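Asker: Kindly generate the complete structure, drawing on both the sequences and the hints.
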Amino acid sequence: MLAIDARDVEKTFRSGWPRRRETRALRGVSLAVERGSIFGLLGPNGAGKTTLLSILATLLTPDRGTITVLGHDVVRDAALLRRRLNMASGRPSFLWSLRVGEIVAFYGRLYGLSGRALRARVDGLIEICELGPYRRVPYSDLSTGLKQRVALAKSLVNDPELLFLDEPTLGLDPDVSVRVRAHIARLRREQGITIVLTTHYMREADELCDEIAFIKDGKILARGTPGELKRQIRLGEVIALRLDPARVPWLAESPGVLRCVEVDGWVECTVDEAEKRLPDILRALHADGVVIRNVQVREPELEEVFVELAK
Amino acid sequence: MSWRNELLAVWAVTLRNALMGARNVFFFFELLFWPIVGVLSIGLMSRFLELTEAQASFVLVGTIALSIVNVCQLEVAYAVLLDVWSKSLKHQFLAPIGIRHLTLGSWVVGMVRSLAVFVLLAALGRWAFGFHVLQPGWVALLTFLLGCFLTAWVVGVAVCALITLFGNRAEAFAWASVNLVLVLAGIYYPISVLPDFIAAIAKAIPLTYFLDAYRSHYGFESEFGAPIATGLALSLLYAALAHWAFLAAIQRARRTGLLLKMSE
Ligand SMILES: Nc1ncnc2c1ncn2[C@@H]1O[C@H](COP(=O)(O)OP(=O)(O)OP(=O)(O)O)[C@@H](O)[C@H]1O
Ligand SMILES: [Mg+2]
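Residue numbers (this note's numbering), protein chains in the order written: chain A, 1 to 311; chain B, 1 to 264.
In short, the hints are calculated from the structure, not lab data. Treat the numbers as computed from the prediction; the structure is a model and nothing was measured. For every residue, glycine included, the Cβ atom is placed at its ideal position computed from N, Cα and C. Don't take every hint at face value.
Distance windows between CB atoms, simulated [stated by the list, open to error]: (1) Tyr189(B) with Trp17(A): 35 to 43 Å; (2) Trp138(B) with Ala117(A): 36 to 44 Å; (3) Arg35(A) with Arg100(B): 43 to 51 Å; (4) Asp8(A) with Arg100(B): 32 to 40 Å; (5) Arg20(A) with Gly98(B): 27 to 35 Å; (6) Val137(A) with Gly137(B): 45 to 53 Å; (7) Ile36(B) with Val75(A): 49 to 57 Å; (8) Asp217(A) with Gly98(B): 32 to 40 Å; (9) Val181(B) with Ser30(A): 43 to 51 Å; (10) Leu49(B) with Pro138(A): 45 to 53 Å.
Answerer: Rendered as structure tokens:
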């Protein structure tokens, strides 16, 4: 069964006065999300991810298209849907003087919780989101990661069937990111919540999502399971080398190397698996008498994936 | 829509505004400073100009009313302003909340706050200038206060609508425009002294009628036939209009993306 069925969604922002500026944020996006799945939206800045999420969450009215969320029309039944979905953003913001517990309780009351039920829900969320020690701390005194956890707690206060997460690990240190991702996976596993998230981190999408859509300039360029997409785009890792001499022509032909480019004096080789290929490459370079001044291994930038995708 | 959920949502907003108010010292400053300055300067001026006791009461009623309305409408405007300032507007409207919950919840806090201001100003007026707010009796006083609160509600909701329509940069404009209208109500003078077209505007303002009714107890003959009924009817009409405008502004903000823009 589908949690979201969106067809040909279009949205143009018109802003500015007296000179009007038009931004076509979405240009005919269609999307289907299975109930109980985690769906990832990937794309560069300004691609339209937040716009799409906001439309699905009833915060923004689409210009065109039919959108069914949890079996209801997202525009006509917006009020009804708001009880059943929720959203957290990676750049959260709440009233500065309210304490963590008060923020969660405030939103809980808006969803009809009171008395003991409210207290139990707030306690539970504070525990799950590891906010116990901060319960009485004003929001403005929290660190970025803690604010994000408050946003997550708030987004779960109505026990949503559908949860939207806009860059949930933005600006978090790796340790906290790992925990947040584990938490998201648990929400789906234990409570069957359908989750739609946006992210700039490939690894995150890879680890969490059942299905991914790449969006750019308001259009979906590719979609599929992480595995399908990787095969489709030949996603790999990048080994960046600073060498003397700077150019080594045979590198591009080495086993496992998908392509090589030169950027600012670095040779960047995209390989299928860095861990497996790095020793061989270093050995070969050494044997060839090339001096290795620096080596870095990283995931490909999203942009590089898009360069591939746009072809 | 159940009554329990309705009240709960209103209570949630009330509690939120009350907590914010209690924790922000500057809000307190705003609460006390201008009202006290107002009553002191008007009271002293009336002494300097050697106004009669009745005339002094007339202008003191005006300045007290203005203070009450201002404090209360500010709190009603906080219904969206707190969210605008903290960029949490989109969370607010993602929740199943109606504008009635927002405006009623903050109005409750506004009434409590302005009641506190009123008590303070009444004591000050009594102590410094021998002005007695209870001279017209409890019923007249409570009606007058209700009139001030209703006017403040309308003004506050209108400010909310304007801010939601034009974005947070329009904050100052929203206040100026709405308060300008307020000053036209006969705050310091009977509206019979106004030029015709301004008097016509003053006659459209509910506060004018509540001031008129209250002052009639201080020896100023009423200028209207049924001031309280007229004031109430106008207040309710404007409250409905202001809420409709606020709702339309929210719907427009959902369409234009302003709701999102004000949250980032
Ligand atoms: N409220 C708004 N008003 C006007 N234009 C907007 C608004 N929101 C988004 N846009 C424009 O629409 C386009 C898509 O923006 P959107 O925020 O959806 O991108 P995104 O994919 O979420 O980007 P990012 O990765 O930076 O978060 C951008 O060009 C942006 O400038
Ligand atoms: Mg975004």
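Asker: Are any of the numbered hints broken by this structure? If so, which, sorted upward?
Answerer: 3
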